[in-house]
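Below are the chains, spelled out letter by letter.
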Amino acid sequence: MALTAKKHVQHKASDGTDWFDITFAQHWNRVYGIAFSLVGDHAEAEDLALETFWRLYKKAPAKLNRERLGGWLYRVVTNLGLNALRSQHRRESYEQEALFAEQVEHDTQNPADQVERNQTRQNVRTVLAQLKSRSAQLLVLRYSGFSYRDIAATLEIAPGSVGTFLARAEQEFEERYQNFE
Amino acid sequence: MHIPDGKLKAYLDLELSPSEQERVQDHIESCQHCHASLSKQAARAKYAQSLLSEITMQEDKKTTSIAAARQQLEMRITEQEDNNMLKNVFSREYRLAWIVVGIIVILAAAIAFPPVQAIANSFLGLFRVQKFTVVSVDPSNLQGRFESANQLEFMFTEDVTVDEKGEPQEVDSSSEASALAGIPVRLPAGMNSEPNLEVMPGATASFTVNLEHVQALLNEIELTEISLPADLDGATVSIEIPSSVSAEYGECEYNQQAPTKRGHDPDDPQLMPRSRCSTLVQAKSPTISAPPGLDIAQIGNAFLQIMGMSPEEADHFAQNIDWTTTFVIPIPQNSTTYQEMPVDGVVGTLILQEFKDQETQYVLLWVKDGIVYALSGPGSASTAARIASTLK
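Each protein sequence line maps, in turn, to chains A and B.
Take 1184 as the starting number for the first sequence in our numbering and just add one per residue.
Take 24 as the starting number for the second sequence in our numbering and just add one per residue.
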């Protein structure tokens, strides 16, 4: 426990610009997007994205390198998203399967391929929730369009090892998914 | 030599430098094994992409505009800050986990977080802590009072300054800890594991009393009947917290958050993850200096009333305490008990908290030769006595 006095978190730079606002505007859509990819629900994704920025707000900015803020945000949101996904699956797997079966039977509004897509998404999320955290994070970031450099910065790994981890993660994903189906 | 999978993957993703990209290409053309690996990886990547893009590129994704989201965040910030205020005042200092880290840290934490403690403690005008006394309070009483106390934060930021003397530092041996902290560090023998030793540098906190601010606070929390001596105004009370050494045995979890469940107070001690470790914290007694001539009993009386005592009780209690040498620890009435017990050749104070599943955790505090010791962990009075008896 640090003997630190609670100081007001200073969010304004010396020239008066509010870096927090700038960061928020810059990253909100993408942070929300990642949360949505993981949990697939608007309200929950919004909640997770807000939580991510709230954590940033609480953090003393001195402890964060401004250039690495983006990376920090994406690391936090992927973690939060995966945690949510895991607890969601623990909580709801039975209910959801039941619900889904019901949907397939009674849903005349949705065309069949839409129902199938929803099932695929559900399966992908279930498999992600079962992967090692880092593998799941890598896959989500990569297929959200992150470059190796951005992934390395986000997950704090060496840029040269992103390929190795990613190859492994894809293999893990493929094996699990095929088992799952 | 074949190209490792990671590099092939980077090649596929066009993430190598142009010259590397070319080098790998040349190699693959002449290496059947690498060519096969590449095809396999390409197929795998295609498979992963087709599935993962289902979730990452979902078109029917609803979004919230940046402005609307920013506004929601602002609401959350306001809400949480209010909450934190409550937590600081009502629960952190009443939670055993706090006391667990030792009285030194309590003092520090008092200054660092719950402003009410900072004020109350500095009012005590302790000169040097030589013993502890426990006062049992009803925290539910406090809660209503501090619910809307904006003055605390204000007073704290306006009137209190904290000067820290460095960052906590992990050390490898008790001799190293002794040298750093400037005290002869003692450790219990016969523990099951080696301790994690950490030296926490000291700090000085000064509180310059602004009677107007204090009175505004007292009004706000509806304790108008408390009167403070006029000569308190402008007085500076400073608390000197010496470096402390903590030794942890086992798995400590102070920093863990309780699992968040809707509808539950995350600070409810019954829900806190309990620490499985035993901890001994030691430091020179903290000192507090206050200007001479202050009526310390009167201030102590105010402190006790803030903590929820009736004026009569506070009066009685305050008269029977030597406020210059006694550190008064408020503990919640429910589920917490305390007693005096012999330890290390002196009389110590033992605080026990019982959890709903009947497990107990203890904190044993004592002062010997000018050093404050705080021993804590899972167990009972006898656990504490046994560990304390092996100190070397």
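Calculated directly from the structure, the hints in this document are not laboratory data.
Be aware that a few hints might be false.
Said to hold, decoys possible - If you want a taste of the chain A side facing chain B, the calculated C-beta under 8 Å gives, among others:
{"#": "1", "residue": "TRP1202"}
{"#": "2", "residue": "ILE1205"}
{"#": "3", "residue": "TRP1237"}
{"#": "4", "residue": "ARG1258"}
{"#": "5", "residue": "ARG1308"}
{"#": "6", "residue": "THR1309"}
{"#": "7", "residue": "LEU1314"}
{"#": "8", "residue": "SER1318"}
Claimed, not checked - Derived CB-CB ranges, DEER-like:
{"#": "9", "chain 1": "B", "residue 1": "HIS56", "chain 2": "A", "residue 2": "ASN1262", "range": "35 to 41 Å"}
{"#": "10", "chain 1": "B", "residue 1": "LYS188", "chain 2": "A", "residue 2": "ARG1251", "range": "42 to 48 Å"}
{"#": "11", "chain 1": "A", "residue 1": "ASP1296", "chain 2": "B", "residue 2": "HIS56", "range": "24 to 30 Å"}
{"#": "12", "chain 1": "B", "residue 1": "GLU102", "chain 2": "A", "residue 2": "ARG1251", "range": "54 to 60 Å"}
{"#": "13", "chain 1": "B", "residue 1": "ALA212", "chain 2": "A", "residue 2": "PHE1363", "range": "52 to 58 Å"}
{"#": "14", "chain 1": "B", "residue 1": "LYS415", "chain 2": "A", "residue 2": "ARG1251", "range": "21 to 27 Å"}
{"#": "15", "chain 1": "A", "residue 1": "ASP1204", "chain 2": "B", "residue 2": "ALA404", "range": "26 to 32 Å"}
Don't be surprised by glycine CBs; every beta carbon is placed ideally from N, CA and C.
Each hint, compared with the structure:
no.: 1; hint: TRP1202; result: violated, 14 Å
no.: 2; hint: ILE1205; result: violated, 11 Å
no.: 3; hint: TRP1237; result: holds, 6 Å
no.: 4; hint: ARG1258; result: violated, 17 Å
no.: 5; hint: ARG1308; result: holds, 6 Å
no.: 6; hint: THR1309; result: violated, 11 Å
no.: 7; hint: LEU1314; result: violated, 11 Å
no.: 8; hint: SER1318; result: violated, 11 Å
no.: 9; hint: HIS56/B <-> ASN1262/A: 35 to 41 Å; result: holds, 38 Å
no.: 10; hint: LYS188/B <-> ARG1251/A: 42 to 48 Å; result: violated, 29 Å
no.: 11; hint: ASP1296/A <-> HIS56/B: 24 to 30 Å; result: violated, 40 Å
no.: 12; hint: GLU102/B <-> ARG1251/A: 54 to 60 Å; result: violated, 28 Å
no.: 13; hint: ALA212/B <-> PHE1363/A: 52 to 58 Å; result: holds, 54 Å
no.: 14; hint: LYS415/B <-> ARG1251/A: 21 to 27 Å; result: violated, 46 Å
no.: 15; hint: ASP1204/A <-> ALA404/B: 26 to 32 Å; result: violated, 55 Å
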